[in-house]
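> Sequence:
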Amino acid sequence: MSHWIDLNPSLDPTFVLPHHSTMQTGSSSVHVCKEDGVRFLDLGRKQCRVCSSEEVTVLVKVFALLLLLVVTVSVLGTSAGQQLWSWNSAMGEEEDSMISQPPINLTHSMSDDELFRRAVNVSMMGRYRRSRVSTPKIAFMFLAGGGLPLSPLWEKYFEGHRELYSVYVHSHPSYQPDYPSSSVFYKRQIPSQVLAWGGLSMVDAERRLLVNALLDVSNQRFVLLSETCIPLFDFSFTYRYLMRSKYSFVETFDDPGPGARGRYDPKLQPEISIQQWRKGTQWFEVSRQVAVVIVNETACYARFHELGGGVIVPDEHYIPTVLTITAPHLIANRSLTWTMWKKDHKGHPATFGKDDINGTFPEQINRDRNCSYNDRPSAICFLFARKFATSALEPLLELASAYPGSVRSRTDAEGSES
Numbered sequence: 003m004s005h006w007i008d009l010n011p012s013l014d015p016t017f018v019l020p021h022h023s024t025m026q027t028g029s030s031s032v033h034v035c036k037e038d039g040v041r042f043l044d045l046g047r048k049q050c051r052v053c054s055s056e057e058v059t060v061l062v063k064v065f066a067l068l069l070l071l072v073v074t075v076s077v078l079g080t081s082a083g084q085q086l087w088s089w090n091s092a093m094g095e096e097e098d099s100m101i102s103q104p105p106i107n108l109t110h111s112m113s114d115d116e117l118f119r120r121a122v123n124v125s126m127m128g129r130y131r132r133s134r135v136s137t138p139k140i141a142f143m144f145l146a147g148g149g150l151p152l153s154p155l156w157e158k159y160f161e162g163h164r165e166l167y168s169v170y171v172h173s174h175p176s177y178q179p180d181y182p183s184s185s186v187f188y189k190r191q192i193p194s195q196v197l198a199w200g201g202l203s204m205v206d207a208e209r210r211l212l213v214n215a216l217l218d219v220s221n222q223r224f225v226l227l228s229e230t231c232i233p234l235f236d237f238s239f240t241y242r243y244l245m246r247s248k249y250s251f252v253e254t255f256d257d258p259g260p261g262a263r264g265r266y267d268p269k270l271q272p273e274i275s276i277q278q279w280r281k282g283t284q285w286f287e288v289s290r291q292v293a294v295v296i297v298n299e300t301a302c303y304a305r306f307h308e309l310g311g312g313v314i315v316p317d318e319h320y321i322p323t324v325l326t327i328t329a330p331h332l333i334a335n336r337s338l339t340w341t342m343w344k345k346d347h348k349g350h351p352a353t354f355g356k357d358d359i360n361g362t363f364p365e366q367i368n369r370d371r372n373c374s375y376n377d378r379p380s381a382i383c384f385l386f387a388r389k390f391a392t393s394a395l396e397p398l399l400e401l402a403s404a405y406p407g408s409v410r411s412r413t414d415a416e417g418s419e420s
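Note that my numbering has the sequence shown beginning at 3, numbered continuously upward.
Each hint should be verified, as a subset may be incorrect.
[Claimed, not checked] Here are the simulated SDA-like cross-link-like pairs (lysine to any residue), alpha carbons at most 20 Å apart as the crow flies:
1) K345 to A329
2) K389 to A352
3) K389 to Q366
4) K389 to R369
5) K281 to D358
6) K345 to V315
7) K281 to A301
8) K248 to A329
9) K389 to N360
10) K281 to T300
11) K281 to Y266
12) K269 to F237
13) K158 to S403
14) K248 to C383
15) K356 to L401
16) K189 to Y177
17) K356 to T392
18) K281 to Y249
19) K158 to Y249
20) K281 to L401
21) K356 to W340
22) K344 to D357
23) K356 to N298
24) K281 to R265
25) K345 to N360
26) K248 to R263
27) K389 to D358
28) K345 to A402
29) K281 to R263
30) K356 to P154
31) K158 to K269
32) K189 to P151
Everything labelled a hint here was simulated from the structure, so no lab data went into it.
Produce the complete structure using the sequences and hints provided.
This is the structure we're talking about:
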């Protein structure tokens, strides 16, 4: 094997050999070659390697090109890094703005898809910026056909707790609210679409309310209500009850009858089997974690959408089924909204008017109830009730000062929260 050593005369001007010379190094001989002023030693072989001036020129050019390439990449990398830092800074400022300044006016031009993506992004940001989140709030989401006839009762309910709640209203697109600027409902209508009872549009409206509410990262609990719902307890008690709960309140049950499994369509497979098919009231209360699960789900929703009118009353099945599949450990399997169903209800619950309201009405709803709260027995099972006609407003306002009911019920509830 040959070993080439460059003997540059400039390194040692006293070292001079003829054009071809031989030096003895023990048992080996070293042959020295010289070409164009450049000397090389060939260790062990009696031949010379000649490096021409043209080859030297090519090598110098290649080295120069490589050096230029390295410098160019370095400059471009620095520029790209500065641009990336600038972009990240701008995005961070926008994200911080979305977190610290939730929209006051809920009117926007975003499509549902854009809205869903933004809501999920804000939720992800909120996980890593909890230190910047203000006092957690409850999002009260009203699903209404038009106006809110019981709004004076809710105004009284929210009074004095401005920093602890937010309001969202989904109503008919043609409805033009005229709430005064002092109202909790002022400019709280989200961009809405027409609803059809028993259709998938009801599920769309529920999800639309959730994604709008998720844009405010301080919203940590989400309650779905109708325009005929009333609160059964004062706001302070409701706030503690929800914020201290380990679970979301979604009713979900398996019923072999025609009103439950009888509505199952085999075309829902493979995403949903009949064993996973569930039913429950649409009036739910969920944590932020569960709300994100609902709006982020696409597989089951696509099946519901493909079937169109093939699924009867999808709002009673979609969310109960999805959460049974994806997050059964996060739900309490009961609703917080009380409803009275008569035997001949024909799909509509009983409605209460002026003559049905008396001094003990709110307490009667929770009387002799047994349920679980944070895995412990509780006598307080419902925080809201429906359906109430406009005529019930005046007697309900008179009772508002008596909320949250009897001392015994309040004491029991306080104990169940601990």
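> Could you run down the list of hints and mark each one as holding or not?
Structure-based check of each hint:
1. K345 to A329: violated, 32 Å
2. K389 to A352: Roughly 7 Å separates the two Cα atoms, so the pair holds.
3. K389 to Q366: Measuring from Cα to Cα gives roughly 15 Å; hence the hint holds.
4. K389 to R369: It holds: about 19 Å lies between the C-alpha atoms, which stays within 20 Å.
5. K281 to D358: Violated. K281 to D358 sits at ~29 Å, over the 20 Å cutoff.
6. K345 to V315: Roughly 19 Å separates the two Cα atoms, so the pair holds.
7. K281 to A301: Given that 20 Å is the threshold and the Cα spacing comes to 18 Å, the pair holds.
8. K248 to A329: Given pair K248, A329 holds - Cα atoms ~13 Å apart, limit 20 Å.
9. K389 to N360: holds, 16 Å
10. K281 to T300: Holds - the C-alpha atoms of T300 and K281 are around 19 Å apart, at most 20 Å.
11. K281 to Y266: holds, 10 Å
12. K269 to F237: violated, 44 Å
13. K158 to S403: holds, 9 Å
14. K248 to C383: holds, 15 Å
15. K356 to L401: Since the Cα atoms of K356 and L401 sit roughly 12 Å apart, the hinted pair holds (cutoff 20 Å).
16. K189 to Y177: holds, 13 Å
17. K356 to T392: holds, 8 Å
18. K281 to Y249: holds, 19 Å
19. K158 to Y249: violated, 28 Å
20. K281 to L401: violated, 34 Å
21. K356 to W340: The hint holds at about 18 Å.
22. K344 to D357: holds, 18 Å
23. K356 to N298: violated, 42 Å
24. K281 to R265: holds, 10 Å
25. K345 to N360: Cα-Cα ~24 Å, so violated.
26. K248 to R263: violated, 29 Å
27. K389 to D358: holds, 12 Å
28. K345 to A402: violated, 31 Å
29. K281 to R263: holds, 8 Å
30. K356 to P154: It holds: about 16 Å lies between the C-alpha atoms, which stays within 20 Å.
31. K158 to K269: violated, 48 Å
32. K189 to P151: holds, 17 Å
The structure shown violates the earlier hints numbered 1, 5, 12, 19, 20, 23, 25, 26, 28 and 31.
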